[in-house]
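Take a look at the letters that make up each chain.
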Amino acid sequence: DTGVSQDPRHKITKRGQNVTFRCDPISEHNRLYWYRQTLGQGPEFLTYFQNEAQLEKSRLLSDRFSAERPKGSFSTLEIQRTEQGDSAMYLCASSQTGTGGREAFFGQGTRLTVV
Amino acid sequence: AQKVTQAQTEISVVEKEDVTLDCVYETRDTTYYLFWYKQPPSGELVFLIRRNSFDEQNEISGRYSWNFQKSTSSFNFTITASQVVDSAVYFCALSASGGYQKVTFGTGTKLQVIP
Numbered sequence: 001d002t003g004v005s006q007d008p009r010h011k012i013t014k015r016g017q018n019v020t021f022r023c024d025p026i027s028e029h030n031r032l033y034w035y036r037q038t039l040g041q042g043p044e045f046l047t048y049f050q051n052e053a054q055l056e057k058s059r060l061l062s063d064r065f066s067a068e069r070p071k072g073s074f075s076t077l078e079i080q081r082t083e084q085g086d087s088a089m090y091l092c093a094s095s096q097t098g099t100g101g102r103e104a105f106f107g108q109g110t111r112l113t114v115v
Numbered sequence: 001a002q003k004v005t006q007a008q009t010e011i012s013v014v015e016k017e018d019v020t021l022d023c024v025y026e027t028r029d030t031t032y033y034l035f036w037y038k039q040p041p042s043g044e045l046v047f048l049i050r051r052n053s054f055d056e057q058n059e060i061s062g063r064y065s066w067n068f069q070k071s072t073s074s075f076n077f078t079i080t081a082s083q084v085v086d087s088a089v090y091f092c093a094l095s096a097s098g099g100y101q102k103v104t105f106g107t108g109t110k111l112q113v114i115p
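Protein chains in written order, with the numbering used here: chain S, 1 to 115; chain Y, 1 to 115.
This is chain S alone, in the form it adopts within the complex (with noise of 0.2 Å):
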């Protein structure tokens, strides 16, 4: 599969704890994007890299959030001290500059669920 895969699927924690979710992206895409979609809602951008660098964070993405992306390969994000309010899918997506970069390919998601 060479897809952009997440890992894990689904995540139950308790409030307080920290959690972290990695992201594959497609070997070649040298851009990597997090979203976070709530229940009935679209995805809304978090973060994204080009190769290793972070180059934009939206306001969404409050000071317990971290997101990492060595060597440019694949990424982390992690969420320190969660809160129930974090509960939502965490959505990652690759694409490739320099060949009009048209479409970002999706992962199928990391549920969070903060109990």
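It is worth saying that the hints were derived from the structure and are not from the lab.
Only true hints are included.
In silico BS3-like cross-links for lysine-lysine, where the CA-CA straight-line distance does not exceed 30 Å:
| # | chain 1 | residue 1 | chain 2 | residue 2 |
| --- | --- | --- | --- | --- |
| 1 | S | Lys11 | Y | Lys38 |
| 2 | Y | Lys110 | Y | Lys70 |
| 3 | Y | Lys3 | S | Lys57 |
| 4 | Y | Lys102 | S | Lys71 |
| 5 | S | Lys57 | Y | Lys38 |
| 6 | Y | Lys102 | S | Lys11 |
| 7 | Y | Lys102 | S | Lys57 |
Computed from a predicted model, the values in this text were never measured in an experiment.
Assemble chain Y onto chain S, guided by the hints.
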């Protein structure tokens, strides 16, 4: 500010019927890009189409067709002869830059095709 409105929350059709999903957008930019994505129950977003604001030609791809009308700020999506496999949530999205870091998604329309 950008806004995408998908007024139809849920639609049910009987298999083989045609169905149109509405999308109305707002933007002050003269150059922008519109997208449609499909989100099946498995969770990943599947790219369907990207259209820039200078190209008002309607597009047909198999059973799918798109009607872009700048005069009414609409980018509607029609599925002809619907099939059960078309059941999913469909999102319309807008980006001023064409890049996925500034994309605004609508709230989605859930389509159920009944056999």
